[in-house]
Amino acid sequence: MTTVPLCVNFECDFVLQLVPVESDFTMDQVAEAAAHHSLNRRVKPQPGRTLRVRLQDGESPFDRESTVEQAGFQVMETIEVYYE
Amino acid sequence: MAFAKVCSLDDLWEGEMELYDVNGHEVLIIHGDGGYVRAVQGICPHQEIPLVEGTLQGKTLTCRAHLWQFDVEAGEGINPTGCKLAIYPAEVRDDNIFVDVEGIEPFYTSA
Amino acid sequence: MALLNRSDWYDIARDTNWTPKYVTEEELFPKEMSDCFDVPREKWETYDEPYKTSYREYVKVQREKDAGAYSVKAALGRMKFLDSADPGWKSILKLHYGGIALQEYAAGMAEATMARFGRAPGMRNMATFGLLDETRHGQIQLYFPHEYVSKDRQFDWAHKAMHSNDWAAIATRHAFADIMSGRDATSVALMLTFAFETAFTNMQFLGLAADAAEVGDVTFSNLISSIQTDEARHAQIGTPALKILIENGHKEGAQKLVDIAFWRNWRLFSVVTGPSMDYYTPLAKREKSFKEFMIEWIVGQFERNILDIGLDVPWYWDTFLEDLNTTHHGMHLGVWYWRPTVWWDPAAGASPDERDWLEEKYPGWNDTYGKCWDVIIDNIKNGREDLTLPETLPIVCNMNHLPIVGVPGKKWDVRDHYLDYKGRRYHFGSKVDRWVFEQDPDRYAGHQGLIDRFLAGKIQPANLEGALKYMGLQPEDCGKDAHDYAWVWNYNKPDKVAV
Amino acid sequence: MSETAQKLKPLKTWSHLSKNRRRPSEYEIVSVGLHFSTNDPDCAWEQDAGTFMNQWYRKYREGSPVNHKDWDAFRDPDELVYRTYNIIQDGQENYVDGLIKEFDDLEHDQGLQTEWVDALSKLYTPSRYILHGLQMASVYLCKMAPASTITNCATFQAADSLRWLSHMAYRTKQLSLVWPNYGFVDNEKHIWENAPHWQGFRELLEKSLIAYDWCETFVAINLVLKPAFDEACLRQLGHAARRFDDSFLGFLTDAQAVDSQRSRRWTSSLVQFLQQNEANQDVLDGWVEKWVPLGDQAIDMFCAALPDSPSAADDAKRDCWSFRAGLGLSA
Amino acid sequence: MTTNIKDIHKHNRVGPIFRGGELATAAIDALEEDNPDKEFTIEDRAAYIRVETDHECIIRRKTMEEILGRPFEMQELEVILGSFSGQIEAEQEYVRFYFDTKI
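Heads up: the sequence lines are chains A, B, C, D and E, in that order. Residue 1 is where the first sequence starts when you use the working numbering, and the numbers rise one by one after that. Residue 1001 is where the second sequence starts when you use the working numbering, and the numbers rise one by one after that. Residue 2001 is where the third sequence starts when you use the working numbering, and the numbers rise one by one after that. Residue 3001 is where the fourth sequence starts when you use the working numbering, and the numbers rise one by one after that. Residue 4001 is where the fifth sequence starts when you use the working numbering, and the numbers rise one by one after that.
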């Protein structure tokens, strides 16, 4: 298991942030790690909706259960985290 | 007995002077250019003006109010002459300034 | 015989090129230090500086300028103004002095590049005055804030900032290395004197002076507008250089350097001057909005000048005009949120009245930036200051070294304009920053931004605390909300009254 | 209360000056530690370490054979700051204005002997190239010096050179109006590039300008070229001028000497400062030995052309020698 | 803002931007005297005064002397000349602001 720093673009936030995740994190865990630095800080949560992860400009999100390793994220990969 | 620690050389840099209360005496501590340390009465003998508001050039202290000047080495008035500043024994030990105020009273003129 | 006029002897004082015999021309004027375009020497000899002065006139006029600036300072007893100044205004002073004093001094070294390696004697003479000017600007902008250090430790950063690894210092150093310190004499003439000093310095030194006058900071207003009179003169080093380059078939190359410099300056000013004018200056004292000042000085004045000299407007001009509505709001939000990482106390500038003003000047502000501020305001009201403080670092652009920002809220458009180059991924805040990189990758590629250094393990411990230490910030230095959140309590006033 | 104990004391001055425990002067407040490009020896400017400019600084500043543990400890003995420089030089310019006016009223140029007018056209007015070269070399030193307190001295020295270049241009024009057939204004470049008496100075100047190591520039310019120029082209020329009743030139060179004296004061201070590190002595001596022969040759060639001045070369060389010897340098 | 931002630079306004004070007042008077066929707009923002006219204007040293009633060297204007629109030609007897091109 290694730490993978990511460049996170959280929906409706104004800035890209550095978010380190572990290689065995699922996408839900990635979204949670990202949310920690944006939700309730500068972005209002939307209860009942699910956060998804995709590559910047990616057409579709990764499976919620797939891991960072499976998704093949490079160090400082730019991902978008958004409400489905 | 009576040397009391007043401040450190960190508090009072070369080129500075500051007014301190030392056991009830108002004392002007001078840390002059070149590193000498003197302690003189804090109030001008002329009128009730704190000398800390004056200016120091070399060893000449000038009161801001009426520009009376004193030699802080000897405590003698330079202009006008005939007046005096009380001098308190002062010494530096381990980067701290100590002053002895015992038995010394400031001078005042009635001018 | 009557005494001579300046014009009688002026040309003799710039007839000083000769052909070297004991060394080669290339040794004396290496291309990389003198002129990246390699325009022949005889072409440079047509150089004619339009704003002339002589040594005799210079020392007399500059003595008078200094007498004015120093006497105003003495007469007004600055300490008293500072005691009563709005905290937001104090932050402008801290930001200004820290960001500018030592860079002005460094600009003197770039003037020295022109004074030594410039190919035209007239350029060398004018740049010698420019070197003196920048010595003035460095020194006077240290002398004025020095008396504040005993009152407020953040003023120490007037001297300290450029020596530190604070992100704002890295960003400033990188931008100025690109337009002056790291360039040859000809490029300095274009990038520093033309693209910077006939454009952006007007914003900070005259635009902001207007705000200063409104605020009542007469000393500062007088100081910076006095500085700009020097800039107005030595900024004219660039114009004749541009004309020579265009005449000799180098319009495209010259245009590119101007475009690079303009963009780099624009991004830097979006974080320095933008927040100062639109957020830190007390609302009642704002002469104009940042955008309005930009329109006056840059769009109305500088853009017209570019065309008059024979260049085109930069290729990204439409992007830039759009940016006027957005970038500095994001920069401000970033600086405020990461306030412990700066040496001044950012004023939020987001009280209800201020938001009305922002909405009026920048329609749509409430639906975008306002959305982020809404969450911040709720957190403060609910006693959750912790949520208004950062726990990670923002990604900074590998060109401008400022946070990569975009529009939040309903018009969310944030994105990373990255580029993979020689096996490394570079992140950029805009396509223009990426374009700048692509023009000359080896000038930038080996440089590490703050995030690169963090990931390389140069910042220890590897957390925000370690980052603050790396940036040289002691707890007393770290920025706080300038008004201690008093602006938040202007929200929901009726409730408070009811209680 | 550990929290209170950790709290930093209020500052009295910039934190970098606080360690001195001495109230700083205006000079120190605005002059010390202004270069941030010296902080990272591998990368002067915030860009790729391999850029041409970064390599240049690495080679010619950080790579200089002279070293000092604290370059920022250097102080200008005159403690000049920008503000005071202008005040002083405005006063000096008033004085020169007065000289110009006074001698103009006396129709001084009209009364010059033709032999001396010829000498002026060959020995005096062509030196604008050296004055400008000194200006260029001084700004280079300013750009490359490892401490802002050294840079500032070089800045004012460069400005002084421009000052004298301006006076020279003025005098050149004046002389051309009174003596139109002596080549004033138009012929100086030809003389500078061809007349044998200038070739020594020209060689010294051109080579100094490419002595790109910051400290070698300093040695070549401040310890060799400037003293040689001052002694030969000002003092000895001034002596000759007085022998030909050209007291104006003598007064002008005396006024210029005021600037030169200031230059020598900081030059001396910088040499002494460098000598605080014993290893620098050999480096300085090596450079002095390299450059002095060029300086002496320049003096010899120039003074040979001075009319009625048989001892000029020896006097000038002796004065340069004693300036350097007084600083403990090997020539 | 009624004008389209993309058209804002399409003008021919030139002129000095002065710091305020007595000298600036004199210089504005001189501008009006030295350019009798021109109309000037003056925008006073306390810290600076923007003076503009169409395409070209000049300030002469002699005119400044007449207005001030004292000897005046053109270089003294530098003390108040914070900026300017257009190009500049600063000579001993006059300062001129102009555009090469017309839009």
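Calculated from the structure, these hints are not laboratory results. There may be inaccurate statements among the hints.
[As the list claims (entries may be wrong)] Dumping the calculated BS3-like pairs for lysine-lysine here, alpha-carbon to alpha-carbon at most 30 Å:
| # | chain 1 | residue 1 | chain 2 | residue 2 |
| --- | --- | --- | --- | --- |
| 1 | D | Lys3101 | D | Lys3207 |
| 2 | D | Lys3189 | D | Lys3069 |
| 3 | D | Lys3207 | C | Lys2021 |
| 4 | D | Lys3009 | C | Lys2021 |
| 5 | C | Lys2480 | A | Lys44 |
| 6 | E | Lys4062 | C | Lys2251 |
| 7 | A | Lys44 | C | Lys2251 |
| 8 | C | Lys2458 | D | Lys3189 |
| 9 | E | Lys4006 | C | Lys2256 |
| 10 | B | Lys1059 | D | Lys3009 |
| 11 | E | Lys4062 | D | Lys3101 |
| 12 | D | Lys3101 | C | Lys2031 |
| 13 | D | Lys3290 | B | Lys1059 |
| 14 | D | Lys3101 | C | Lys2021 |
| 15 | E | Lys4102 | C | Lys2288 |
| 16 | C | Lys2411 | E | Lys4062 |
| 17 | C | Lys2043 | E | Lys4006 |
[Stated by the list, open to error] Here are a few chain C residues that sit away from chain D, every Cβ distance over 10 Å (derived from the structure):
| # | residue |
| --- | --- |
| 18 | Tyr2010 |
| 19 | Ile2140 |
| 20 | Ala2177 |
Idealized CB from N, CA, C, for every residue including glycine.
Checking each numbered hint in turn, tell me which of them this model violates, lowest number first. 1, 2, 4, 6, 7, 8, 12, 13, 14, 16, 17, 18, 19 and 20
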